[in-house]
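Visitor: Listed here are the chains, written in short residue letters.
2 protein chains.
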Amino acid sequence: MNLGKRTMEELSRRTLSTRAPIVDIHTHVYLPRYAEELRARSSAPRIYRRTDADGQLEERLLILDGEPGVGRPVGPQYWERDQKLLFMKRHDIDISFVSSANPWLDFLPPERAHTLAQELNNDLEEYCSTSPQANGFPGLRSIYGFGLLPLVSGISVSSVLDVIKQVNTLPHISGIIIGTRGVGNEPVWEAIQQANLVVFIHPHYGVDSKSFGNKTNGHVLPLALGFPFETTIAITRLILAGVLDRYPNLRLLLAHSGGALPQLSSRLASCIAHDPIVAKRLKHDARYYLGKLYFDAVAYGAEELRFVSDVIGRAEAYSFTGGEYNADVGSTRMLFGTDHPFFPPLEASQKWQSVEDNLKAIWSVRTWEDSARANVLGLNALRLFDLEC
Amino acid sequence: MNLGKRTMEELSRRTLSTRAPIVDIHTHVYLPRYAEELRARSSAPRIYRRTDADGQLEERLLILDGEPGVGRPVGPQYWERDQKLLFMKRHDIDISFVSSANPWLDFLPPERAHTLAQELNNDLEEYCSTSPQANGFPGLRSIYGFGLLPLVSGISVSSVLDVIKQVNTLPHISGIIIGTRGVGNEPVWEAIQQANLVVFIHPHYGVDSKSFGNKTNGHVLPLALGFPFETTIAITRLILAGVLDRYPNLRLLLAHSGGALPQLSSRLASCIAHDPIVAKRLKHDARYYLGKLYFDAVAYGAEELRFVSDVIGRAEAYSFTGGEYNADVGSTRMLFGTDHPFFPPLEASQKWQSVEDNLKAIWSVRTWEDSARANVLGLNALRLFDLEC
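Those protein sequence lines, which keep their order, are chains A and B. For what it's worth, the working numbering labels the leading residue of the first sequence as 90, then goes sequentially. For what it's worth, the working numbering labels the leading residue of the second sequence as 90, then goes sequentially.
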């Protein structure tokens with residue numbers, strides 16, 4: 090493609106007039122304590138050992154119920170901080186906001202989920218607080234974190250609120266990552282808003298795999314379509330339930346650029362307008378709420394990013410109390426991410442194609458000035474998490 | 090919103106330098122014979138009578154298994170051609186390409202589906218051939234049609250090929266509408282390509298309704314999200330199966346602007362690139378195939394249309410044999426539609442908001458010249474169906 094003719098050297102941040110940080114807000118970890126939990130299990134999610142084709146013992150991760158095949162190889166890049174730092178260095182990432190990978194604590198009974206959430210949050214605080222200083226950004230560490238909540242079936246509200254309080258005491262953790270199964274809990278939203286925690290909403294379950302037909306396409310359909318569908322459904326349900334009306338100061342960050350929500354948002358608005366019972370519950374046109382959200386820039390294409398920026402920019406024009414299109418606001422609510430350690434290179438190469446694709450996408454949005462790119466690459470993240478540099 | 094300050098008068102086609110037709114390629118009918126079939130049924134899809142709140146007898150349509158509530162009101166606008174013509178006149182639509190509404194013949198046993206497909210195709214030919222001349226477009230009728238195929242479970246290939254042959258003999262039917270359950274049938278694709286029929290791919294089933302949680306949102310989630318998800322999965326499976334590689338001359342028209350496919354297409358390409366078994370089956374990057382498809386312009390928003398146009402425009406740049414981004418090509422593969430008689434006005438108004446939204450969206454794509462708008466509003470449809478005006 091034509092954009093390929095510009096090398097990553099040309100596109101690199103070094104062309105920015107001032108040195109701006111590159112901050113990765115979508116990067117995962119299975120903390121050692123969590124990996125141990127998975128090793129002790131006999132059904133997915135689990136980590137198991139087998140002998141590979143060369144006779145070597147290897148560990149593999151079965152992440153989904155009914156996952157086809159033998160799972161994926163899993164190793165130190167999932168849990169060792171040095172691997173994270175090496176990856177960051179390889180891609181000139183200055184700061185990472187690390188989050189636990191799916192499926193978090195979803196499979197645990199309430200009491201165990203509560204205990205493990207607190208332990209893992211403490212582990213992550215240590216993982217972050219003992220990380221190196223960010224090179225060139227005095228006062229900042231190279232790693233911060235998203236904590237966990239025990240949002241499992243049967244959990245008590247007070248148990249979740251307990252852990253929110255705990256997270257608030259951990260100085261390097263100023264957000265939480267949640268799946269889509271715990272989103273219906275209203276008092277939790279209230280507490281999260283009050284605690285001013287950034288909420289990273291991330292998929293795990295996709296949609297019913299029967300929709301995907303026979304299983305000859307590996308993980309492509311559940312990952313490429315199921316994941317973003319799940320995120321889209323979750324945030325749409327939050328909008329329809331009025332959560333964004335009642336908690337307007339929630340700071341929700343959507344994985345994978347909001348899935349399909351941007352492209353389906355005008356259709357959503359139209360369907361709502363044709364259903365008076367739903368319509369009268371909401372304070373605004375559905376498109377308005379997209380301007381209140383944050384989107385990672387993990388969409389792998391410049392046209393996708395530009396479009397997400399456009400739907401954020403138009404959001405205020407869909408306020409029922411009046412507002413204007415603002416083309417500049419889009420790039421203030423989108424944030425670079427890598428999805429590390431998933432989507433690794435197929436061959437032992439220095440750079441990860443998935444990361445390069447996302448960086449190139451940011452550099453190739455034609456309507457963005459250098460200042461907009463600097464926002465998306467890192468400054469937005471520092472502002473969102475109230476870090477100064 | 091600011092666009093609302095421009096009236097539809099200002100935006101109307103009369104500002105075009107030459108009179109270009111407005112052609113609706115997404116407009117449905119339940120032919121009288123089909124309505125009778127639904128009336129004879131005791132489970133969905135069915136039409137039943139009940140006494141409404143005012144003591145009047147009314148007919149209602151239950152279209153989905155397990156549909157919440159009592160279905161939707163159904164009446165002459167679903168089957169009477171005069172109602173279609175009245176609607177067209179109200180919105181200045183010159184020509185309609187009418188298709189049967191979902192769920193087509195999906196619920197029928199093979200023999201009945203085969204017979205009814207042929208009968209309905211003949212009915213539709215008569216519906217079209219006896220329609221008025223298109224006003225101002227000599228030689229053209231006001232209505233053409235998409236035929237049906239008996240793509241039901243257990244049908245023989247020869248039975249489907251039979252009906253393709255029949256459709257080919259009907260002069261006012263030069264396309265077919267299909268759901269997503271019959272898309273795996275390879276000899277059928279070969280026959281359709283050979284017959285040069287336009288294939289309108291339309292959803293009905295959505296995704297598993299359990300994904301949508303409790304049922305307090307009416308039809309909003311299945312319609313706004315489930316429908317486009319289903320279309321996205323169907324066309325993605327066709328791409329992954331290599332159908333678009335083996336039948337490069339297929340003319341596939343996607344309902345609802347391709348659902349979520351455009352926004353997920355770079356993610357799809359990335360997921361494929363990370364799965365060598367799937368990747369090596371395909372001749373091109375996934376994004377290439379979007380340039381081989383046609384998209385209706387039923388997305389209700391200008392930013393959505395512009396984005397779909399962009400992903401069509403970039404497609405050639407993702408050919409593995411080399412190609413360039415072409416910003417002008419997008420508007421040659423997008424086609425105005427209304428989804429009539431669905432999404433009717435809530436109040437007895439002259440104009441349908443759903444139609445106005447789609448027209449205004451076309452008029453508000455900032456990067457489109459008047460010639461591009463004329464293409465999307467009607468000229469593309471005439472070219473696609475080889476009609477001269």
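Just to be clear, a hint being listed does not mean it is correct.
For identical chains, the list gives no copy identity; a pair is met inside one copy or between any two copies.
Mimicking DSS-like on lysine-lysine, the simulated pairs with C-alpha atoms at most 27 Å apart in a straight line are [said to hold, decoys possible]: (1) Lys381 <-> Lys178; (2) Lys381 <-> Lys254; (3) Lys178 <-> Lys299; (4) Lys369 <-> Lys178; (5) Lys449 <-> Lys178; (6) Lys254 <-> Lys299; (7) Lys369 <-> Lys381; (8) Lys299 <-> Lys440; (9) Lys440 <-> Lys254; (10) Lys178 <-> Lys440; (11) Lys369 <-> Lys440; (12) Lys254 <-> Lys372; (13) Lys381 <-> Lys449; (14) Lys254 <-> Lys178; (15) Lys299 <-> Lys449.
Read the hints as simulated data drawn from the structure, not as lab findings. Just so we're clear, the structure is a prediction, and the values are computed from it rather than from any experiment.
Visitor: Could you run down the list of hints and mark each one as holding or not?
Guide: The hints, checked one at a time:
no.	hint	verdict
1	Lys381 <-> Lys178	neither (33 Å within a copy, 40 Å between copies)
2	Lys381 <-> Lys254	within (25 Å within a copy, 54 Å between copies)
3	Lys178 <-> Lys299	neither (41 Å within a copy, 43 Å between copies)
4	Lys369 <-> Lys178	neither (51 Å within a copy, 32 Å between copies)
5	Lys449 <-> Lys178	within (17 Å within a copy, 48 Å between copies)
6	Lys254 <-> Lys299	neither (40 Å within a copy, 33 Å between copies)
7	Lys369 <-> Lys381	within (20 Å within a copy, 41 Å between copies)
8	Lys299 <-> Lys440	neither (35 Å within a copy, 40 Å between copies)
9	Lys440 <-> Lys254	neither (39 Å within a copy, 54 Å between copies)
10	Lys178 <-> Lys440	within (10 Å within a copy, 59 Å between copies)
11	Lys369 <-> Lys440	between (50 Å within a copy, 22 Å between copies)
12	Lys254 <-> Lys372	neither (31 Å within a copy, 53 Å between copies)
13	Lys381 <-> Lys449	both (26 Å within a copy, 25 Å between copies)
14	Lys254 <-> Lys178	neither (33 Å within a copy, 62 Å between copies)
15	Lys299 <-> Lys449	neither (35 Å within a copy, 38 Å between copies)
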